[in-house]
Every structure is written in C-alpha cells, then in structure tokens.
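Peer 1: Numbering (the working numbering), first residue to last: 1 to 279.
It should be emphasised that the hints constitute simulated quantities derived from the structure, not laboratory data.
Idealized CB from N, CA, C, for every residue including glycine.
Watch out, some of these pointers could steer you wrong.
Said to hold, decoys possible - Derived DMTMM-like pairs: lysine to aspartate or glutamate, alpha-carbon spacing no greater than 20 angstroms straight-line:
| no. | residue 1 | residue 2 |
| --- | --- | --- |
| 1 | Lys-81 | Asp-225 |
| 2 | Lys-65 | Glu-44 |
| 3 | Lys-250 | Glu-44 |
| 4 | Lys-209 | Asp-225 |
| 5 | Lys-240 | Glu-98 |
Claimed, not checked - Taking CB as the label site, the calculated pair distances span:
| no. | residue 1 | residue 2 | range |
| --- | --- | --- | --- |
| 6 | Arg-74 | Lys-159 | 34 to 40 angstroms |
| 7 | Lys-250 | Ser-125 | 36 to 42 angstroms |
| 8 | Gly-83 | Asn-213 | 30 to 36 angstroms |
| 9 | Gly-119 | Ala-227 | 51 to 57 angstroms |
| 10 | Lys-247 | Ala-201 | 28 to 34 angstroms |
| 11 | Ser-157 | Gln-230 | 34 to 40 angstroms |
| 12 | Lys-247 | Lys-177 | 43 to 49 angstroms |
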Amino acid sequence: MKKILVLFSLLAFVSNTYALTELKWWTEEYGPYNYRDKSTKKIEGISIELLEATHKELGVNMTRKNYKLAPWARGYKAAQKSGKMNVIFSTTRSAAREPIFKWFGPVAPATQSLFALKGTAKPSSDAQIKTFKIAVIREDIAQLVLEDKKLAFKVPSSKLVKLAKIKPMFKNVAKGKTKYFAYNENVAKFSLKNLYGGEFAGKFEVVYKLAENDELWYAVNKSVDDATVQKYQDALDRVKAKSSVRKVLKAKHDFVPATKAESLFANCGLTGSDQSCKK
C-alpha cells in the first residue's frame, strides 16, 4: 500500500512539473521591466529577474532564453489563443483585460501618459484629447485607455496612429507626423534614455496624465488551470520577500517590489471579473 501511495505521489509531482514547463512565455521591449540589453544582447529587466527567481523557487528548469521577445500585438494575440499555455508580460491589468486572462503579480505600478516634443501646447482637459492625432503601440494599454467608451477621452480609432514598435512611435512625433504619443510613462522615459543612443534624448516631455492607477502583471492564458497560476503567485510572493532578490533588484534597477498584499488587486483572485475587488 505504501509503495502505491509513493508511486501516486511521484506521478502527481511529475505531472505538476510537466504542466509548469509547458507554459510559453511572451514578452516585448518594455524597459525597465523587460527588454534586450544593447551590449549583452540578453533579455533583462525587473519582470525578468522576478520571473527567473520564481522559476528557481518552483524548481522549474526555465531560463530567460525561454522567454520570447516579440512585438506587443503579436505576443498579446498569442497569449489569448484558446487552449494555448501562453503567458504575456509585463501586462497592465485593466478592466477590459480582466476577463481575458488569469493573473499573477504584481510586477510594478504603472502610469499611462501623453508625451510631446518640448514646447508643444499641453491639453487643457480630458475632452480635448479626442481632438488630437496620437501615436500608440497597437493593442497597448494606452490605446485601450484612449478608446475606452467608459472613460472621458473616447478618442476615435481614426485619430490613432497604431504602430508595432516603440522607435517608430517616437520618430512619428519627432518628425511632426503627429503631435503626441501615448505610452507607459516609465517605459517611455527609460527607452528614450537608454535604448536609442541619445537620438531622442531631451526632446520629449509628459504633457498629460491619462491613467495613474494601474499595475503591471503576468497575464496567463485562461486554458492554464487555476492551481498552476496560484503556484506562480505563491512562489512570486516568496521570492519578493527574499533579501537576495530584493538586493539584486535594488542594485540593478533601483527597484523595491511590492507584495500582492500591497497591490491594488490585493482583494482580487486569479480574475476579478469587473474589477470591483480593486482598491
């Protein structure tokens, strides 16, 4: 009888490990959270450090070489494919996206802002935003915020110039094709300073805050079972409490991670449905 129980326990462990290794990880150029370092050519960032430490905590043989860096719209589409074990990060957890994925996190706070060349007139109200032509990354949260009919902006799709990558978005505004671009504020500032050799340094400034009450999370395909997502959440919580991980994040990124208990979604489960659970 003991041998049978041991066998079942072993089979359960092997099955669980297999399920964890089946997950496919998609990410994008979204520094300082996830990006390819210009000098080392390796994928780096806050979300990468946290995920790598989480896999180590879970005993899963998964390294950053297994994380697929792709344009956001491509990864975002792949993460939603029915029956696929895909995860996309770092993803802003919004009301529109809430029912599409399961979630574990958070990675970091997030603010979506409107940028323009220095000296450009600043919008005076939410309502004025919809009169401008604005460059965005296709399917990025800034696009969703601007188009959301429940928010004040209600920007028509025809007013948005939807691009695949960050650099063309910057160029679009720098060359005067549009006056503004909308993006995660920290990511835009990091990218302008670190990724393009000073080409755009000092040219842009924030002219309007679009959404300040956001957070970045790991967004998991709904085909992945709840138990697996919960394992990642629990392991991530343990990792964030480790002094060794916190030292690395502070030294490399000047970043201190927040726990789920400190998150805006502390009272939410794997999915919060209408986000009524949000603080």
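Peer 1: All hints, please: hold or fail.
Peer 2: Against the structure, the hints:
no.	hint	result
1	Lys-81 with Asp-225	15 angstroms, holds
2	Lys-65 with Glu-44	11 angstroms, holds
3	Lys-250 with Glu-44	14 angstroms, holds
4	Lys-209 with Asp-225	37 angstroms, violated
5	Lys-240 with Glu-98	24 angstroms, violated
6	Arg-74 with Lys-159: 34 to 40 angstroms	24 angstroms, violated
7	Lys-250 with Ser-125: 36 to 42 angstroms	39 angstroms, holds
8	Gly-83 with Asn-213: 30 to 36 angstroms	33 angstroms, holds
9	Gly-119 with Ala-227: 51 to 57 angstroms	54 angstroms, holds
10	Lys-247 with Ala-201: 28 to 34 angstroms	30 angstroms, holds
11	Ser-157 with Gln-230: 34 to 40 angstroms	37 angstroms, holds
12	Lys-247 with Lys-177: 43 to 49 angstroms	44 angstroms, holds
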